[in-house]
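**Q** Listed below, chain by chain, are the residues.
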Amino acid sequence: MDELNVEEKLKIVSGFLLESPPGEINDVYNGMLTFSSSSAYGILMGDDEEFDRGIKQALRQYNTEQYVTATLPGQETKVIVSKFGQIEEDLYLDPKSQQTFKFDHLLHTVTDVQPYTVDETTEHLRSTIETAISDYITDHYPDGVSTVYYTDGTYTVAIVDDKFNPQNLWNGKWRSTWVISPDSDELKGTIKVNVHYYEDGNVQLNSSKEIEITASASSEDPAERAAAYVKSINKAEEDYQSALNESYLDLSENTFKGLRRALPLTRHKIDWDKVLNYKIGQELATKATIE
Amino acid sequence: MFSTKMSDQIECALDLMRRLPPQNTEENLSKLIDLIPFAHENLLGLIDQPLKEAKCSKTGKDYLLSAYNQDGDSFRSPWSNEYDPPLSDGVQPSPKIRKLEESANEAFYTYRDMYYGNGVSSAYFWDDQDGFAGAIDLTYQSFYHTLVGDSVRKMKGAWDSIHVFKANERGRNAHYKLTSTVILYTITSKPELGHMNLSGSMTRQSEADCPFDEPSAHIANIGRMIEDIELKMRNLLQEVYFGKTKDIVNGLRSINSLVEAQRQADIQKELVGKLLERKS
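If you read the sequences in order, they're chains B and D. Last residue of the first sequence? That's 291 in our numbering, and every number before it is there in order. Last residue of the second sequence? That's 1280 in our numbering, and every number before it is there in order.
Take the hints with a grain of salt, since some may be wrong.
Unchecked claim - To be clear about the criterion: a stretch of chain B counts as covered by chain D if any three or more of its residues have a C-beta under 8 Å from a C-beta of chain D, and this derived list gives those stretches:
no.: 1; region: 49–62
no.: 2; region: 170–180
no.: 3; region: 206–212
Unchecked claim - Pairs of lysine-lysine, DSS-like flavour, derived with a Cα cap of 25 Å:
no.: 4; chain 1: D; residue 1: 1099; chain 2: D; residue 2: 1166
no.: 5; chain 1: D; residue 1: 1156; chain 2: D; residue 2: 1052
no.: 6; chain 1: D; residue 1: 1166; chain 2: B; residue 2: 192
no.: 7; chain 1: D; residue 1: 1232; chain 2: B; residue 2: 274
no.: 8; chain 1: D; residue 1: 1156; chain 2: B; residue 2: 257
no.: 9; chain 1: B; residue 1: 257; chain 2: D; residue 2: 1244
To be verified - Away from chain D, derived, C-beta distances all over 12 Å, residues of chain B:
no.: 10; residue: 75
no.: 11; residue: 77
no.: 12; residue: 222
no.: 13; residue: 242
no.: 14; residue: 277
These are calculated hints, taken from the structure and not from any lab test. All values derive from a computational prediction rather than experimental measurement. Ideal Cβ placement from N, Cα and C applies to all residues, glycine included.
Assemble the whole structure, with the sequences as input and the hints as a guide.
**A** Below is the structure:
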């Protein structure tokens, strides 16, 4: 077999990194390092500039898609590292503290924190939504982090809740994204839930839904409008969670039971001696009929 | 640069496959083999892939394609013992083991009927040091399309069982070592839910010593072991798939108000405190 070229190797390694379950990118990354230390079939990590640039790009994409969080010095709440706050390659905005920061996608460290001047005309509604969302997160997400951005005429709410429990071999992540158009009060949402359970196996839940709703924000008052948006988000997320729970029940009660029975219809385990003799008996019976 | 031991690389590859989405096992395994081609054979033998079906051209019966009946690009039908596409020098079990394989295929055809109601079963045996070894594969798929009101609910489920055993004869007893993997896929789509894919695989090992008076007793012994472990694994899958992962989801987000729950807990604490105060 011909050895793959740099580009082909990079494509495979990047693909693996991007498919890492929640909280397990470091494990997958370290696995790639182990492969790369074989001199005969090195996959070039730390060896080839083009390759390393590609790996960094994959890590950046993974982190921003997975809503990895960062803590800025002196801040009590975490900020989500996402494309909505991306200013330059590794430079991100924390709208709440009105600061920009450099994020290292391999080490997850924050450096170079600088003040940032936000647009005053949109900041009031943005920060009002932020406060309302923050209360909502406290009420429904045990480890939730949210960030509210203003970009190009829309407000974007990003929510993430991580539960990483590698000691007990499971990890889980809930992500939701809500893009609010203030002129029409329309909300476009995406909810993604991923769970990985890997004790003696590899079981994964990958679940997602796209949602479009309109909030009844009749007032011009920012506080009332923010409350209306958050109320719509809460209802949509609760409906989704209920549908997911119902589907679990349905799968367990119907789909699963239809695949393999717990016991044969006779309600007894198989009599293996009988099964083995059955064929012989059948052959004898056939012979008897013919004769 | 130093050279990592082959065994480390294999272990690392297995760890990787335990993490990457089971929904994409086939694609990821083939990419992994492209990346570390020297581990090709080891990986194919160690990572179970979803089973594929084929029809035996001679008997018209369905059988399963797996690493255990493959030689080059051909697969051996357990019903006719012939390779498709034909191979003149394909690997064959010895006549004695082939006879056992034939009985196993008959027996597991009945087993499949009783537990799965439908689906496909195949047994593949081969000669091994101090005895023989084999793989019993079972698969069943179900599809549902139900129309509720004007919304379509689509459900798809698939169960693949792969049992690989080693049988060593020791006088009048035989020692069996069994590795069982169940791959379970469930996919659901409906308007209120969107798309849900809950899939994966779990593996268990079991060992037993059983007496055997005639060769066919091996089939009954292995059959009982498989029947027991499949029931255990069925319960385990039910617990992990529909219990544990569901609990994890509901730990990420709470439908009920956490603030209200905390308030109730605080009131409770205060009441208990007051009660204790009064008593003292």
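**Q** Next, verify each hint and record whether it holds.
**A** Verification of the supplied hints:
1. 49–62: Since three or more residues must qualify, the claim that chain D covers the region 49–62 of chain B is violated, with 0 doing so at under 8 Å.
2. 170–180: holds (count 4)
3. 206–212: n = 5 at 8 Å, threshold three: holds.
4. D:1099 - D:1166: Status holds; Cα separation ~17 Å.
5. D:1156 - D:1052: holds (16 Å)
6. D:1166 - B:192: violated (43 Å)
7. D:1232 - B:274: Between residue 1232 (chain D) and residue 274 (chain B) the Cα gap is close to 23 Å, so the pair holds against 25 Å.
8. D:1156 - B:257: holds (13 Å)
9. B:257 - D:1244: holds (18 Å)
10. 75: holds (22 Å)
11. 77: holds (17 Å)
12. 222: The claim holds: residue 222 (chain B) sits with its nearest Cβ about 23 Å from chain D, beyond 12 Å.
13. 242: violated (7 Å)
14. 277: For residue 277 (chain B), whose nearest Cβ neighbour in chain D is about 9 Å away, the distance does not exceed 12 Å, so it is violated.
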